[in-house]
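Colleague: Since chain E is already given, all that's left is putting chain R on it; use the hints.
Line order of the protein sequences matches chains E and R.
Add 2 to the 1-based position in the first sequence for my numbering, that's all there is to it.
Add 9 to the 1-based position in the second sequence for my numbering, that's all there is to it.
Keep in mind the hints are simulated off the structure, nothing from the lab.
In this text, a Cβ means the ideal position worked out from N, Cα and C, and glycines have one as well.
Among the hints, a few may not be true.
[To be verified] DSBU-like cross-link-like pairs, simulated, lysine-lysine; straight-line CA separation at most 35 Å: (1) E:K119 / R:K270; (2) E:K270 / R:K270; (3) E:K119 / R:K148; (4) R:K148 / E:K270.
[Said to hold, decoys possible] According to the in silico footprint, chain E covers these stretches of chain R (three or more CB under 8 Å from chain E): (5) 151–160; (6) 167–174; (7) 334–340.
[Claimed, not checked] Some chain R residues judged to face chain E by a derived CB distance under 7 Å, without partners named: (8) A117; (9) P118; (10) A164; (11) L327; (12) G331; (13) P346.
Chain by chain, the residues run as shown.
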Amino acid sequence: MDYALQQVLNALAFGAEYSLVALGLAVVFSIMGLVNFAHGEIIGVSAYSVFLAAALGLTSPIVAVLLAIAAAALAAIAFERVAFRPVRYAPTTTGLLTAFGVSIVVQNLFMLLISPKPQSVSILNGLNQMWFFGPFAVSSLQVMELIVSGLTILALVLFLNRSTLGLAIRAASRDFATVRLMGIRANRVIATAFAISGALAGIAAVFIMARRGSVSPDLGFSLVLKAFVACVIGGFGSLPGAAVGGMLLGFIEVGLLVALPQEYGGFKDALTYAIIVALLVYRPEGLLGQRVELGDKEI
Amino acid sequence: MSQAIEDTAPAAVARPGGALARSLIGGLVTSLPVLVVGLLILNFAPTYYTFLALGAFVNLIVVVGLQVFMGNSNIANLGHSAFVGLGAYGVAILSTPLAMKKLSIPNAPFGFATLELDPVSSALLALLAVGILALVSGKVISRLSGVAATIVSLALLIIVHSVFLNWTGLFKGNQAFFGIPKVVGLPWMMVMSVVVIVLARLFKDSRWGLQLRASAQSPQAAAALGIDARRLRLVSWVLSALICGLAGILYAYFAGTISPKLFYFQMIFNTLAMLILGGMATVTGAMTGVIVLSVGLEFIRSIESGVTIAGIQLPQLLGLSGVALGVVIVLCMAFRPSGISGRYELDELLSRFFRHAK
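Pulled out of the complex, with its shape left as it was, chain R reads as follows:
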C-alpha cells in the first residue's frame, strides 16, 4: 500500500491533468472484464444465467460501493446493505403503478399512496433519500474511532431493517413489495457498473482518496500534515452509500419484487466476503472478488440444494454456502489479508507486466 502511494503521488503533483486521465483510463481498463463477461452473457447465455448475472452485477455495484469507504478509510463497514435497501424501497414506493399500490400500500402516509413518478425521477429522489441518511449517519460515524464506527454502522443496519419491518403502512413490513416496474436489463446494468467502477477509481486516485488512505495508515502523521480525516471519511461514506443505493435501485428495477430480508445480514456476508477475497485496497480487487465468489457460490448452492452424484441423492446441506463464505473470510485474513489482487489495480499490473516484458 505504501508502495502504491509512492508510485502515484509524484505524478499527481506534477501533472494534475495527466493523473486524471490516467485514473480515468485505469478505471475503464479495470471495468473491461466486467464488460466482456456481460456481453458474453447478453449474447450467448440462456435466460436463467442472465438472471443470475443481473444479481451478480448488483453485488458488483454494492461491493464497489463498499470498497469506496472500506478500502480508503480501512474501517470495516457492516451496515451498507441498509443503503441498498433504502434505494430499493425508495423507487418501490415512488414508481410502483397506482393500481398495484392500491393492493400493496393503500394507506401509505404523506400522499405516497396516490403518487406515481417515472422511473428516472423516482431513482433520483431515492438517491436523495439515501444521501440524506448517509449524511446524517456519516456525521456520527466519521467522528468515531474505527471499532466504534463499525459497531455504529451495524446499529444503522438494524435500525433501518427494523423500520422496514415495522412501518407496515409505508414499507409493507415482512411481506414482499411487488409491482415495481421492471425497466432495467443487462445493458443498463453494465453501463452503470462501468460508471461506478470508474467513479470509485477516480475517488481513490483523487486528492481526497489519497489523503484518506494516508490517514488510514497513520492517523497522527496525516493529521500533522493538516489532513482532516473526519471530513474525508464523511465524503467517502456518503459516496459509498450513494453507490450502494444505486445498486438497490437497479435491483428493484430488474427484479420487480423486494423484501426486507434481502437487505440484511445475508447481503452483508456475501458482499463483504467478495470484497475481502478480491482485496479491499483496490477497485480491481472488488471486481475480482465478485467474479470469483459469484461463480463459486452458485456452484456451492447447487450442492446445497441436494445433488445426485453417481446415482446417490445427497441430502440438502443448508448452511454450506455460509460455511464457505466464512472460511473464505478467515483464510484470506490469515494468509493473504490483501486479497487476490493485492495493492495494484489491473491497469497498473498490466503496465508493469509490459514494462518488464520489454
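Pulled out of the complex, with its shape left as it was, chain E reads as follows:
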C-alpha cells in the first residue's frame, strides 16, 4: 500500500511537471500557431541565470525562485521579439523550424559561453527534503510540484476567464484577425502569451534545479520533447488537453518504471513513446483535440 501510494505520488509529480511545460507550449501554439521548440531553452536561460546569480553571491532561495521565473518570462518575450516576430504570419512549418534553430543557437551558446559540462547549483536544494507524515515519508519537492502546478493552472484558468487580456488571448486563439479588428493590440496579446509561457517554464526550471542540483546546456530539451508529446496526445492547441496529456504521460512513465524489470529499464522512454504513437493511431486528433480548438490555424 505504502509502495503504491508512493508511486501514485511519483506519477502525479512527474505529470504535474509535464503539464506545466506542455501548457506553456499550448498557450503559445493556440494563439500564434508556433510550435515552440525553444521552450526548453527558456527553461535553460532561467536555470543559468540562477546559476550565475548564485556564482555572484546570491544565497536566498526565495529570490532565486523569483529570479528564475522573471528570467524565463523575459527570455520568452525576447525570443518572440528577436526570432519569432519575423515569421509570425508564416506557415506553421516555417515557425517550427525557426524555433528549432533558436533552440540550437541558445543550447550551443550555453556550451560556448559557460561550459559543455553540467555545473552544480545548490541554492535550491533546500526544497528537496523528506517529510514524514506518521508512517509515510514523502519528498517535499513532489508535494510542492503537485500543489504549485495545481495553483498555477488554477491561476491561469482564472486569468484566461476573468481578465480582459485573458479573454483577448482566448479569442485570439480562435480568430486572431477579428481580435485585432476589435482594437486589441496584437503585440500585447502575443507578448502576454509568451510571458505566461515563460513563467510556466520558469516554475518548471525551479523544480528541475531543486531535483538535479545542477544545470547543463541540454537541461530543458528532453523535457520539452516529452511536453510536446503530451500536447499531441492531449490534442495540439487545446489547453485542457495539454494538462491531461502531461498527467497521462506521467502515469505511463511511472507505470512502465514499476512494470519493467530492472534490466529493461533503459527501454522506458522507447516504450513510453511507442504507447503514445499507438494511442494516436486510434485518435489522430488527440484525446481532447477538436477542430474548433485549432481556430484559424491550418495544420
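Modeller: Using the frame of chain E, we list chain R on its own:
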C-alpha cells in the same frame, strides 16, 4: 511554388513521355555539380579531403532523402536519422566478418552472431528493414496533421536511438560497432548520389509528387480534386526513408565503424540546416545547401578546435558550429524561407537563362 506547378502541369498532361525525359535530364543536370566536385576530389585532393568528401556525400544523400518528404509534403521531419542509423546498423549486423562478430556481438539473437552475408545482399536486407519500419511509422504519420506528424517523427527518432543504446546484445549499445567491411569508395558514392538525385527529381515531377505538393499548398482544394493526401504522404515518407537508409548503408561501408550517437540530433541539425539553407522545395536546393554548408562547417570546425591567428592561440570554442547552424536556420526562415535556390531547379534556371539570353 505555384508558379512552378503552372509551368510543369500542362506539359505533364500533354506529353507524358516528354515530361519523363525532361525530368530525367533535369535530374542529371542537377547532379552535374556533384559529379564535378567528386571527380576533382577523386583526382587531385589529398586523403584527408577524400574522407571529408565521403562524409559530405553521405550528408548529400540524407538531405536529398529528407527533401523527398519535406519538400513535397511541406511537413517538417525531425526523425530521418533513425532510418540512416537503421540502414547502417543493418549492414553492420549482416555483413561484419564472423571473427569480428565474436569480439563485438557474440550473443546476438536470431542467429545473427553466426551469419555473414556479402555486402550487396546485406544492403538489400537492410533496406528491407528500413522499408518495413518506414511503412509502419508512415501509416501513423500520414494520418496526422502537420505538427503532430513532426512530433511523432521525433518520437520515432528517440525510440530507435533508445533501442540502439539499450539492446546491447544486437546493437552493441553505446560502444562503437567496428569491423564492417570497407567496400565503398568515392566512385560508388558518386554513382549513388547521382541515382538518388535523379530519383528524387523523378518523384517530384511525377504525378504523385505534383499531387502531394498541391495538397501541401491547399489541403481542401486538393481533397476536392480527389487527391488522397494520406496515401501520397505515405509513399513519399517510405521513399525518403529508403534513401536515408541507403545513406546509412554507404556510411557504414566507407567508415567501417559506427556508433548510435552518429545518428541522433547532431545529424538532424546538420542535414536540416543544409536543406533549409539550400531551399527545400527543390532537389537543387538540397544539393546547394550540402555544398555550401559542408565547406562552411569545415571552416568553422577548424576555428572551433582553437586556431592560432598572428601568433595568438585562440581557446577551444566548443559549440561554435552549433551556433552557426542555428543562426543559418533562423536567418533563412526570417529573410529567405525558400532558401538559396528558391523554387527553380538548376536545369529550369539554366533554360530560363538561355531563353532570356537569346
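Colleague: Work down the list of hints and note, for each, if the structure agrees.
Modeller: Against the structure, the hints:
no.	hint	in the structure
1	E:K119 / R:K270	17 Å, holds
2	E:K270 / R:K270	19 Å, holds
3	E:K119 / R:K148	40 Å, violated
4	R:K148 / E:K270	23 Å, holds
5	151–160	holds (count 8)
6	167–174	holds (count 5)
7	334–340	holds (count 6)
8	A117	17 Å, violated
9	P118	14 Å, violated
10	A164	4 Å, holds
11	L327	5 Å, holds
12	G331	3 Å, holds
13	P346	5 Å, holds
When each numbered hint is compared with the structure, violations occur for hints 3, 8 and 9.
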